[in-house]
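**Q** Here are the chains, one letter per residue:
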Amino acid sequence: MNQVWTLFKRELGGYFATPVAYVFIVIFLMLSGAFTFFVGRWYEQGQADLANFFVFHPWLYLFLVPAIAMRLWAEERKSGTVELLLTLPVTTTQAVLGKFLAAWAFIGIALVLTFPIWITVNYLGSPDNGAILAAYIGSLLMSGAFLAVGACISGATKSQVLAFIVSVVLCLLFVLAGFPLVTGFLSGWAPGWLIELVSSLSFYTHFQAISRGVLDLRDLVYFLSVIVIWLLANVLVVDMKKAA
Amino acid sequence: MIEIKDLTKAFGPFVAVDRISFGVRPGEVLGFLGPNGAGKSTTMKMITGFLTPTAGTVRVFGHDVVREPLKAKQLIGYLPEGAPAYGDMTPWQFLHFIAEVRGLRGEQRKQRVARVIDEVHLHEVLHQPIDTLSKGYKRRVGLAQAIVHEPQVLILDEPTDGLDPNQKQEVRDLIQRMGKDRIIIVSTHILEEVDAVCSRAVIIARGKVVADATPAELETRSIYHGAVTLQLDAVAEAAEALRALPGVAEVRIDSVAGQVTAFPRDGADLLAEAERLSGERGWVVKQIYRERGRLDDVFRRITTQEAA
Chain A
1 MNQVWTLFKR ELGGYFATPV AYVFIVIFLM LSGAFTFFVG RWYEQGQADL
51 ANFFVFHPWL YLFLVPAIAM RLWAEERKSG TVELLLTLPV TTTQAVLGKF
101 LAAWAFIGIA LVLTFPIWIT VNYLGSPDNG AILAAYIGSL LMSGAFLAVG
151 ACISGATKSQ VLAFIVSVVL CLLFVLAGFP LVTGFLSGWA PGWLIELVSS
201 LSFYTHFQAI SRGVLDLRDL VYFLSVIVIW LLANVLVVDM KKAA
Chain B
1 MIEIKDLTKA FGPFVAVDRI SFGVRPGEVL GFLGPNGAGK STTMKMITGF
51 LTPTAGTVRV FGHDVVREPL KAKQLIGYLP EGAPAYGDMT PWQFLHFIAE
101 VRGLRGEQRK QRVARVIDEV HLHEVLHQPI DTLSKGYKRR VGLAQAIVHE
151 PQVLILDEPT DGLDPNQKQE VRDLIQRMGK DRIIIVSTHI LEEVDAVCSR
201 AVIIARGKVV ADATPAELET RSIYHGAVTL QLDAVAEAAE ALRALPGVAE
251 VRIDSVAGQV TAFPRDGADL LAEAERLSGE RGWVVKQIYR ERGRLDDVFR
301 RITTQEAA
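Heads up: the sequence lines are chains A and B, in that order. Those letters in the first sequence? Residues 1 to 244, per my numbering, in order. Those letters in the second sequence? Residues 1 to 308, per my numbering, in order.
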């Protein structure tokens, strides 16, 4: 755990040593604001909740989280520091965890910085703050799922661009799994249970309830298992690269 | 003690390292030589645990690198090729980070970091991002992180590559200082370096060990070993006379430099003979010397032999 903490500190510090962190946070805040107000018409709706703020998070994360995740391993492979990292007395699992948790914490910071909208909604009305907290937790969990996918893909290549594109496509599939686009493609020939299974894998479906403030244990377990599975895959990918 | 046994690494059908075996004891500075692509870096990456061997074992003080990676890694300091470092950190931050991962805490960490900063002279650039440093400084940062935990085993992949002569000398001094009671493996293709710092040289070519000896022993394998060179005006006459000596196998003339070199047959000592000859004939000899042998010549012959 000590080693994870040491790596975590270095990684998180790394974000703020370059403009990357600030640019990311500013863009995240601007986009989440723009979606909420202009696409979600939050103000005109006159409802004291943040459903129209959270509902766009899957789409926001779809591009922004792979942008954070793409550098996790690919950059280290490109610059050669991965050789340094993996010859230090740390296990692959510790390295994967340190990197993932730092990136997740960074996204968490960006998410926390959306607090003005929470203040605004409290100023304008009296929302259910428990529901808002639940939605924040759910959103953070979902971002972790996006991040775990991106981290694993980043571990497989030294090209950040490639890591970004593949991660976006994979994440898009996960988001769209519950949409007619994907279920319709399957419905002609696949058995019912498969369609059910695929659509139950959708980030979007699991987040819908959460964005309204309903924190169902099944959705939590779902996102946590997605994170765990992709991080295990990440460890495997990094170890396989050593043996390749 | 490092024991390498039948170490093999294959990338697909290409065998980069082919059943290499050797051992290194504390106090030895082992020069690891070979042409580019011979498998030097690959071998070092397997010793340090970055690459998993296809076959064979590496044991570092009894710890198998694959089975007990953490124990082995803790004993090793490693400077990878090109001295990679986190460019957004300053040397000060970077060295503290490495020291922390290496398990150094509190006062001990401060002391060790301060000491390596002294040792490789990083004071001037301590708080500049590593990305902005010159090649020489980056290399020193890489060296500093490799020795911060005072490892029993130091593995340096081309530590002087791209450095200027003064910096090279500094690195060699450092290696010699550290080499007294540890195991050091240095890869290089600068042969003078082997002479300067190594107590033993292992040469590999196409993934196989082709020589394992002290630099002095290797020099005796050179055709220049025991060769006597005279610098004088009467080049042609001297060449003629030397060629007639029974112990001379071959004579080469360098007319530009005005030199004659006689190569011995069966290890004959030619220096006394040549001196006697020049005294008899009354040549005005500006210079006369016997060579120990040339490593570059040995290197070239043994690394190209198999291919021929």
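Calculated from the structure, these hints are not laboratory results. Hints may contain errors.
[As the list claims (entries may be wrong)] Which residues of chain B face chain A? A partial, calculated answer using Cβ under 8 angstroms:
{"#": "1", "residue": "TYR78"}
{"#": "2", "residue": "PRO84"}
{"#": "3", "residue": "MET89"}
{"#": "4", "residue": "GLN287"}
[Claimed, not checked] The calculated EDC-like cross-link candidates involving lysine to aspartate or glutamate, where the alpha carbons are at most 16 angstroms apart (straight line), are:
{"#": "5", "chain 1": "A", "residue 1": "LYS78", "chain 2": "B", "residue 2": "GLU81"}
{"#": "6", "chain 1": "A", "residue 1": "LYS78", "chain 2": "B", "residue 2": "ASP131"}
{"#": "7", "chain 1": "B", "residue 1": "LYS168", "chain 2": "B", "residue 2": "GLU119"}
{"#": "8", "chain 1": "A", "residue 1": "LYS9", "chain 2": "B", "residue 2": "ASP88"}
[Claimed, not checked] Some chain A residues flagged as far from chain B (calculated, every beta-carbon gap over 12 angstroms):
{"#": "9", "residue": "GLY13"}
{"#": "10", "residue": "TYR15"}
{"#": "11", "residue": "THR18"}
{"#": "12", "residue": "ILE25"}
{"#": "13", "residue": "ALA34"}
{"#": "14", "residue": "LEU85"}
{"#": "15", "residue": "THR120"}
{"#": "16", "residue": "LEU224"}
{"#": "17", "residue": "ALA243"}
Where a beta carbon is used, it is the ideal one built from N, C-alpha and C, also for glycine.
**Q** Take the hints in turn and mark each one as holding or not.
**A** The hints, checked one at a time:
1. TYR78: 5 angstroms, holds
2. PRO84: 3 angstroms, holds
3. MET89: 7 angstroms, holds
4. GLN287: Violated, about 47 angstroms.
5. A:LYS78 to B:GLU81: 13 angstroms, holds
6. A:LYS78 to B:ASP131: Holds - the C-alpha atoms of ASP131 (chain B) and LYS78 (chain A) are around 14 angstroms apart, at most 16 angstroms.
7. B:LYS168 to B:GLU119: 14 angstroms, holds
8. A:LYS9 to B:ASP88: 14 angstroms, holds
9. GLY13: 8 angstroms, violated
10. TYR15: 9 angstroms, violated
11. THR18: 5 angstroms, violated
12. ILE25: 17 angstroms, holds
13. ALA34: 30 angstroms, holds
14. LEU85: Contrary to the label, LEU85 (chain A) does not stay out of reach of chain B, its closest Cβ about 9 angstroms off (not over 12 angstroms).
15. THR120: 35 angstroms, holds
16. LEU224: 28 angstroms, holds
17. ALA243: 4 angstroms, violated
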